[in-house]
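Engineer: This is what each chain is made of:
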Amino acid sequence: MAHATVEWTANLAGEFDLDALMRLIADEMRLRSDGVFPVGGIRVRGYRVDDYVIADGTCADDGFINIDIKMGVGRSNEFRKAFFTALFDSVKASLSDVFDRRPLALSIYVEEAEGWKHNSIHKRLKG
Amino acid sequence: MAHATVEWTANLAGEFDLDALMRLIADEMRLRSDGVFPVGGIRVRGYRVDDYVIADGTCADDGFINIDIKMGVGRSNEFRKAFFTALFDSVKASLSDVFDRRPLALSIYVEEAEGWKHNSIHKRLKG
Amino acid sequence: MAHATVEWTANLAGEFDLDALMRLIADEMRLRSDGVFPVGGIRVRGYRVDDYVIADGTCADDGFINIDIKMGVGRSNEFRKAFFTALFDSVKASLSDVFDRRPLALSIYVEEAEGWKHNSIHKRLKG
Numbered sequence: 001m002a003h004a005t006v007e008w009t010a011n012l013a014g015e016f017d018l019d020a021l022m023r024l025i026a027d028e029m030r031l032r033s034d035g036v037f038p039v040g041g042i043r044v045r046g047y048r049v050d051d052y053v054i055a056d057g058t059c060a061d062d063g064f065i066n067i068d069i070k071m072g073v074g075r076s077n078e079f080r081k082a083f084f085t086a087l088f089d090s091v092k093a094s095l096s097d098v099f100d101r102r103p104l105a106l107s108i109y110v111e112e113a114e115g116w117k118h119n120s121i122h123k124r125l126k127g
Numbered sequence: 001m002a003h004a005t006v007e008w009t010a011n012l013a014g015e016f017d018l019d020a021l022m023r024l025i026a027d028e029m030r031l032r033s034d035g036v037f038p039v040g041g042i043r044v045r046g047y048r049v050d051d052y053v054i055a056d057g058t059c060a061d062d063g064f065i066n067i068d069i070k071m072g073v074g075r076s077n078e079f080r081k082a083f084f085t086a087l088f089d090s091v092k093a094s095l096s097d098v099f100d101r102r103p104l105a106l107s108i109y110v111e112e113a114e115g116w117k118h119n120s121i122h123k124r125l126k127g
Numbered sequence: 001m002a003h004a005t006v007e008w009t010a011n012l013a014g015e016f017d018l019d020a021l022m023r024l025i026a027d028e029m030r031l032r033s034d035g036v037f038p039v040g041g042i043r044v045r046g047y048r049v050d051d052y053v054i055a056d057g058t059c060a061d062d063g064f065i066n067i068d069i070k071m072g073v074g075r076s077n078e079f080r081k082a083f084f085t086a087l088f089d090s091v092k093a094s095l096s097d098v099f100d101r102r103p104l105a106l107s108i109y110v111e112e113a114e115g116w117k118h119n120s121i122h123k124r125l126k127g
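Residue numbers (our numbering), protein chains in the order written: chain A, 1 to 127; chain B, 1 to 127; chain C, 1 to 127.
Treat the hints with care, since some could be wrong.
As the list claims (entries may be wrong) - Residues from chain C that face chain A, not an exhaustive set, calculated with beta carbons under 8 angstroms:
no., residue
1, Arg30
2, Gly115
3, Leu125
Stated by the list, open to error - Which residues of chain B face chain A? A partial, calculated answer using Cβ under 8 angstroms:
no., residue
4, Glu7
5, Val49
6, Tyr52
7, Val53
8, Asp56
9, Cys59
10, Phe64
11, Thr85
12, Phe88
13, Pro103
14, Leu104
15, Ala105
16, Leu106
17, Ile108
18, Tyr109
Read the hints as simulated data drawn from the structure, not as lab findings. Keep in mind the model is a prediction, meaning the values are calculated, not measured. Quick reminder that beta carbons are idealized off the backbone N, C-alpha and C, glycines included.
Could you build the full structure based on these sequences and the hints that come with them?
Structural biologist: The structure is reproduced here in structure tokens:
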């Protein structure tokens, strides 16, 4: 199971394609993790941030996109480093035109947590 | 102090009772933790998720409910395992009809964090 | 890089100044951390919580403000304790009139996480 949460400041509306970014993250997890992230457990969501203060709070154009990853315990350090470095590079490349146009902070954080789950999407996928 | 955050995908609107689910979680913390979670510190909130990609992104009916628990450090492993297994079973049972109707991913994650607090709800409870 | 997320229950609308609270947090990070938090990496956001259950769920006036801090690994325990105790005291003082008027739970949680980042706000600041 792998969760990703994309937070983006409202001043980036129209500047990037949220759905494409979420699909990129889901596709990387699905197609490039060698099955480490079972397909049925991939959940990516986006939250628009309407209220924020960035850096010294003086530049209305400052924006951020922050991606928090949460997953169960047990993936190796080697996998984490390789997979999330590649994911970060893909996300960054997909936003290169935004970086060209304005000040932007992009970040990905990765955390493991103890979890309980019940998921009938796996069955839907096999169906 | 115990925080719970319920995220639910917008395609589940009308499919379950958010307030009842939040009350179930708060009640379990209040009534079945043997005082491990002081009543005044229980805070459950819900966030509707309007933008998301689930699994392979092909099924508009796929939905998820994810519950993140955050609490101060210090509860024993035995308590954690027993309490959250029981909580998960209660939550899952309360959603059984949703599971019958559609593909759904349910998850609970539990994390401890270092905290600072000031809370006048304890005083209100003592009246 | 330092992230802060301010969650506040909707029944506190008009009771406190969200923007001032977010600026206070950003200013503490910028001006009182001896450079431990680079200015360009400071990101504070607020989320209004419309759906919630607090404590025993019986008091419509119960409210909460919860601040989650997320930052990269590596700050010393001494710094963490001193900085966040001072931050908490500042935030609490700024909300003293709200505490006088109603039951309120205030909390700050601090977590470290493994991160990847690319940030052109640093360049804007030097510009």
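Engineer: Now tell me, hint by hint, if it's right for this structure.
Structural biologist: Hint by hint, here is what the structure shows:
no., hint, result
1, Arg30, "holds (6 angstroms)"
2, Gly115, "holds (5 angstroms)"
3, Leu125, "holds (6 angstroms)"
4, Glu7, "holds (7 angstroms)"
5, Val49, "holds (4 angstroms)"
6, Tyr52, "holds (4 angstroms)"
7, Val53, "holds (4 angstroms)"
8, Asp56, "holds (6 angstroms)"
9, Cys59, "holds (6 angstroms)"
10, Phe64, "holds (5 angstroms)"
11, Thr85, "holds (7 angstroms)"
12, Phe88, "holds (4 angstroms)"
13, Pro103, "holds (4 angstroms)"
14, Leu104, "holds (6 angstroms)"
15, Ala105, "holds (4 angstroms)"
16, Leu106, "holds (5 angstroms)"
17, Ile108, "holds (5 angstroms)"
18, Tyr109, "holds (4 angstroms)"
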